[in-house]
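Asker: Line by line, the protein sequences give chains B and R. Residue numbering for the first sequence follows the numbering used here, beginning at 1308 and increasing consecutively. Residue numbering for the second sequence follows the numbering used here, beginning at 1308 and increasing consecutively.
Hints are computed from structural coordinates only; laboratory data are not their basis. Heads up, a few of these hints could be off.
Because identical chains share one entry, a pair is satisfied inside a single copy or across any pair of copies.
For lysine to aspartate or glutamate, the following EDC-like pairs were computed, each having C-alpha atoms within a straight-line distance of at most 20 Å [what the hints assert, rightly or not]: (1) K1520 to D1488; (2) K1409 to D1491; (3) K1520 to D1458; (4) K1513 to D1488; (5) K1396 to D1467; (6) K1484 to D1450; (7) K1513 to D1390.
2 protein chains.
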Amino acid sequence: MKLGVFGTGVVGQTIGSKLVALGHEVVMGAREANNPKAAEWAAKAGRGASHGTFADAAAAASELLFNCTSGAASLEVLRAATDANLRGKILVDISNPLDFSKGFPPSLFTPTGDSLAEQIQRAFPELKVVKSLNTMSAPVMVDPAGVGGGDHDVFVCGNDAAAKDRVTEILRAFGWKSVVDLGDLTAARGAEGYLLLWVRLYGATKSPMFNVKLVR
Amino acid sequence: MKLGVFGTGVVGQTIGSKLVALGHEVVMGAREANNPKAAEWAAKAGRGASHGTFADAAAAASELLFNCTSGAASLEVLRAATDANLRGKILVDISNPLDFSKGFPPSLFTPTGDSLAEQIQRAFPELKVVKSLNTMSAPVMVDPAGVGGGDHDVFVCGNDAAAKDRVTEILRAFGWKSVVDLGDLTAARGAEGYLLLWVRLYGATKSPMFNVKLVR
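Okay, chain B solo, but in the shape it has when bound:
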């Protein structure tokens, strides 16, 4: 399958490499077609990896796109990808609306009662936005077993049940044993709001290698 990854940072590279390792063809999208980080990634990730503009990545993807850009850039990136290339596709939105303008710890730039995922969905109504993987560090996203043997949770939410099922399949391929469906996309307010706790847990654990498990 051919997939698109928006973003050339740690999250984009980690997700891209995992998808390539799983046998998929991945186009990493960046603002400029000759982005050096994307080119270096594509060279290293090996067979199946290529790179181009955001529009190239969106156009190449048959079905699935991953938003691995910083939250502040996400809407602009998707506009650059163009409506025509996004239409009908699934966007796994991993971004977080983090505002670092006052330093660390960040606050959220979305007002309470909204979320970045919903802003994206409103701006691109023909995209099927599924919020997921935004609640842990990049290494944990693609190797859940690396933390506590994998006995912890990843969340999904979105308005399209079939899209959530499709993303859940990908998460299982990443190694996730427990995928908790939080409901429709308004639940992204919870998944994104949790980041305010995540940064404090990061401070307390002094390592990004952690996650939370839902205990009942």
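Using the hints provided, position chain R relative to the given structure of chain B.
Answerer: This is chain R only, laid out in the frame that chain B set:
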């Protein structure tokens, strides 16, 4: 030890009864000295339980106060308790800044980059505010073993290390095996922000008998 509990709802009654069961004397504070819910609770909770105004509860407490009021009422309740009665005491702040004005799920009424616990601390600088127990339902607060054998976490944060230690002792007496120190009181932004996820987990689990465990 004599303790004060602000609030006559489920949280106040549950915390109050647990403290009484642990052998403490507890004064439940309400707006009116003859609040019928507080009177009923005091009669049921038995030896050591009494009730009065918010000022009565604050004045009676030797050291520890529990804010079990709704977040929207908390500042007014503490003003009614009076500065003189609060001075130098520890306030375990269990409240959450939940805004139900648009129905369920609630949003937060504090702006991003602030928390109710910090608002309380700023308004009452001589109070030692420790945020804790606001991240789970009342039955779980006082009986962590009732969920997954107690293998999950409660958080504390605050600006006074000795006050956090004192609250941690109380949490251990409640049965908490793992108390995670999130740092100073700005971490209440995380503990309160998590509520946005909590309400979604509640929706997903369809039961308030759950909590999260920090997995490393």
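Asker: Confirm or reject each hint.
Answerer: Here's how the hints hold up against the structure:
1. K1520 to D1488: Both, since 14 Å and 18 Å are each at most 20 Å.
2. K1409 to D1491: between (31 Å within a copy, 17 Å between copies)
3. K1520 to D1458: both (7 Å within a copy, 10 Å between copies)
4. K1513 to D1488: Between copies only: 12 Å across, 29 Å inside.
5. K1396 to D1467: within (11 Å within a copy, 51 Å between copies)
6. K1484 to D1450: Answer is within: at 11 Å inside a copy they meet the 20 Å cutoff, but 28 Å across does not.
7. K1513 to D1390: neither (41 Å within a copy, 38 Å between copies)
In terms of the numbered hints stated before, the structure departs from hint 7 and from no other.
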